[in-house]
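Those protein sequences? They're chains V and B, same order as listed.
Take 1 as the starting number for the first sequence in the working numbering and just add one per residue.
Take 1001 as the starting number for the second sequence in the working numbering and just add one per residue.
If you're looking for bench data, these hints aren't it; they were derived computationally from the structure.
Keep in mind it's a predicted model, so treat the numbers as computed, not measured.
Glycine is no exception: its CB is placed at the ideal position from the N, C-alpha and C atoms.
A few of these clues could be false.
[Said to hold, decoys possible] Chain B side only, calculated, beta carbon under 7 Å to chain V, not exhaustive:
1) 1069
2) 1071
3) 1130
4) 1133
5) 1161
6) 1163
[What the hints assert, rightly or not] BS3-like mimics (lysine-lysine), calculated; alpha carbons at most 30 Å apart, straight line:
7) 1126/B to 1039/B
8) 144/V to 1007/B
9) 1122/B to 385/V
10) 144/V to 1039/B
11) 385/V to 1126/B
12) 144/V to 1165/B
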Amino acid sequence: MSSSSAPQAKGEQGGHDAHLDAQPSPQHAQLKPIALLPGLDTKFSTLAIALIIIFYPVLADNDFWTTVLVSTGVFAAAAIGLNLLTGYTGQVSLGHAAFLTVGSYVAAYFGATQGLWMIVWLPLAGVFGAAVGAIIGPFALRVKGDYLVVISLALLFFTAHVVRNWESVTGGNDGISTSGADLGLGPLNFADLRIFGHTFTREEGLFYLAWIMVGAFALIARNVVRSRPGRAMQAVRDRDTAAEVLGVSSAQYKIAAFVLSSAMASAAGAVLAVHQRFLTPTEPLLELFVSIQFVAIIVVGGVATVYGAIIGAFLLTVLPETIKTYTHWFDFNIPIWDKKLVSSSGIEPGLFNPGSFSNFLFGLLLVVFLLLSPQGIAGWIRAVKGGAIQSFWHNLRGHLRGRWFQRGEPAASRSRA
Amino acid sequence: MTGPSTKARQIAVALWLLVSLFVLALISVLADGNDGLEKFLQFVVGGLALGSIYSILALGFVVIYKATGVFNLAQGSLVLLGTYVLYQFKEEYDLPFGLALLFALVLMAGVGVLIERVVMRKMLGKPVFSAIMVTLALLIIIDQIVRSIWSEPGYVLNLPWSSGKVDIGDVTIRHIDFWAVGSAMVLLVAFFLFFERTRVGLGMRATALDAEVASAQGVRIGVSYAMSWAVAAVVATVAGMILTVRTGGGALTPAVGYVALRAFPAMILGGLDSTGGAVAGGLIIGLAEVLVDGYLDYDWLGERFETVVPYLLLLPIMLWRPHGLFGTKTVERS
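Only chain V is shown next, with the shape it has when bound in the complex:
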C-alpha cells in the first residue's frame, strides 16, 4: 500500500520541486493552487467527465440508468470517505454501512418528518455521522488491526438495534418514508429542476445532487491528502511510531480520519435515503455486505486514490444492473451439469439468480484484484501512463526473439511494476 501513493505524490509535486527548493517556507506549501486540476492532462479528463455528467441526463433521457447512476454517485461519495480512512490512514473499518444508515435516518427524521430544508438536514447528516465517527475513533487508538475490524462490526449491530427499536424517530420495523424531504437549494429545487427551459425529473435532479456531492468530496479529499494533514495521515498509515517521532500526533489524525470519513458517508447516506424514498431496517448481515461492497469499491478502483473510488463505485453499481438487464447473456446451460448459469425466471432452475450472481461476481472480483492486481484499476492507469504498453510490446518482442533465435538462453525476464 505504501508504494501506491508514491508515484501519485511525485506527480502532484513534480512541477513545484524546483520552486520549493529555492524557497522552503511552510507558507509556500499552503499557497499551492487547489488540486483536482493539477496538470493539463488531468484537467482535460476532469473537464470531460464533468461535461459528461452535466449533459448525461439531458441527452440520455433514460430514467432507469439515471437512477442507477444516482446510486453510483452516492456510493462514490461514501467510498471517497472510506478511502480517506482505509486507503490513506490505514484503518480497516467494516462499519461504513452504519454511517450511511445514520445519515439515512437523519434525512428521514429532519428532512421528511420535521420538514426542514435541505440546507439544514444534509449538513446535519454530516454532523451526526461525524459525531458517531468521533465516538468510534478513540477505539482505533487503543485497538489495532484485526481487533479493530471486529470493533467496527459492533457499529453495525448497534445501529441495526437502534433503528429497529427507536420507533418514534426511525419508524421501527414498519419503516419510514423519506419522499417528503425538501430538496430545495436557494432558487434550485432538485425535485423539480428547470434550467433553460428544460424540465428535469426528480431522479435527474437527484443525479445532479449526488454528483455535485461527489465533486465536492473529491475536491476536499484531494486537497486534504496533499496538504499537511493528508501527509500526516499517510505517515500514520505507513509507520505509526515513526510518524509520532516526527511530531505527528497519530491519535489526532486517526480520530480526524474517522470523523471526516464518517461525515462523508453519512451525508451520502442522506441522499441515498431520499433516493430510495422509503427506509426499512436491515439485518446486520446485509449491512455487512454493504460494508464489504465499499471495501470492494476501493480495492477494485485503487486503494489510496480519489478517482479510484469513483471508478470502483461506477463498476460495482453498474455491474449488477447490467447483469439484471442482460440476463440472457448468461442464460446458458452449464456443461455436464444440467442447470442454467443464471436464470431470472422461477420455472427453469438456474444456479444463480441475477442478484446472487452479481454478489458472487463481487466476491470473485475482490479476490482476483487482491491476488493479481492489488493496486486496482488506478494501478493500471498509472502503469499505462508510465509507458507499460510500450514496455510490454518491447518485452514481448524481446521474449519472442529470445525464444526463436536464441534457443537455450533464458527468456528476458519481464519486470512487473
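Given chain V, work out where chain B should sit, using these hints.
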C-alpha cells in the same frame, strides 16, 4: 506470553465469572425463593450451551490465526457450507448419521485445504489488510454458492439426538445441550494437546511466530497452513450442526452463517491466539446473552436486546485489554 501472569489472569477471570454467577443466583433466590433458583439454573444451562457453540466457532477462528496469522472472516461461511454438506449426506443420500458426519468432515477438510492452497497461499507476505479482505470475499462467494446450490426452502436436518431431553428437578436439559458442552470441552482438550504436545501442532505455532525460522528447523510450512484450514473447516461443521439442531430444531437456513458474526466477540474477548481464551470468551458471551435475555426486561432497551450484548460487553473489555483477556501482547516496533 509469560507463564505466571497468564495463569493468574485465567484464575482471576474464572473467579470473577463464578462470583458474579453466585451473586446472581443469590439475588434470584432472595427475590423468588426456590422458583427463582430453578429459573436461574435453567438460564445457566442455556447460557453454557449457547456459550459452548460460540466457543467452538471461536476455536475455528483461533486455529487459523494461530497458524497463519490471518484473521478469517470467512469462518461463518464454512459453518454454513459444512452444515449443508452434512445435510446432503445425511438426508439426501440417506446415510447413517455417523457415516454422514464422517464424510462431511472429510469433505470439509478438503474444502479447507483447497481454499488455503488456491487462494490464501497467494496472500503470504501481503499486507494483513489484503488477507482480511480476501477472506471477506470468500465469505460472499461461499455464501452465494450455498444459497444457489441449496436454493429451495425447507431443508430439515434430523439427528438421532435432536429432540431428547432430561429433567433434573424442574430444570430441563436437552440432549443437544450436552452435545454442545461436550463437544466444546473435547475440542478444547484436543486443541490443547494438539498445540502443546504434537509435532504438527508445535510446528504450526512456530510457523505463525516466524515462518522462515520454522522452516529452517524442519517444519513443513505448507502442511501447517493447510492443516489449520482443514481443522477450522471441520470445527465449523461441528458448530454448524449443533447450532442448527439447537436453535432451529434442525431447519436449515442460510442465516446459520450469521451466528458466526456473533461469535466474533467471543474470539476477540479471549484473545485471537488463545484456545483457552476462545472457550472462556464463548462461555462469557453465551451466559451474558441468555442471562440478559432472561432478566433484563426493560422496554427502553428494545426488542432482542441480547443480540447486541456480546458487542456491548466487548467494547469496555477491549479498551481495558486491547489484546483480549488472554491474547499475546505484541511488542510493536516500527
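Exercise for the section: Sort out which numbered hints this structure fails and list those numbers smallest first. Expected result: Of the numbered hints given earlier, those the structure breaks are 1, 5, 6, 7, 10, 12, listed in rising order.
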